[in-house]
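Sequences are here, hints too, so could you generate the full structure?
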Amino acid sequence: GKQGRAWLYSPVRSREAYAAALMEDGLGESNDRPAALVHFVENMSEEEVAALRQALQTVGRQAKA
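Heads up: the sequence shown begins at 361 in my numbering, then just goes up one per residue.
Read the hints as simulated data drawn from the structure, not as lab findings.
Owing to the predicted nature of the structure, the values given are computational and were not obtained by experimental measurement.
Be careful, since some hints might not be right.
Stated by the list, open to error - Listed next, the in silico SDA-like pairs over lysine to any residue satisfying Cα-Cα at most 20 Å (straight line):
no., residue 1, residue 2
1, K424, L412
2, K424, Q414
3, K424, R413
Written out as structure tokens, the structure reads:
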């Protein structure tokens with residue numbers, strides 16, 4: 361779970377980590393995360409979707425290890 365939001369503003373965090381936190385907060389606003397994710401992906405470019413697939417594969421491999 362989240363330990364509050366103070367870490368969002370830590371300079372140690374990368375821009376990527378901050379962007380991910382904003383996306384997580386956005387998903388938290390939705391009562392239907394799968395539907396929110398579909399809308400999010402629908403608005404992505406082909407390159408972004410490819411990057412998302414790569415990220416999912418990377419996380420999937422880590423989870424199995």
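Comparing the hints with the structure gives:
no., hint, in the structure
1, K424 x L412, "19 Å, holds"
2, K424 x Q414, "16 Å, holds"
3, K424 x R413, "17 Å, holds"
Of the numbered hints stated above, none is contradicted by the structure.
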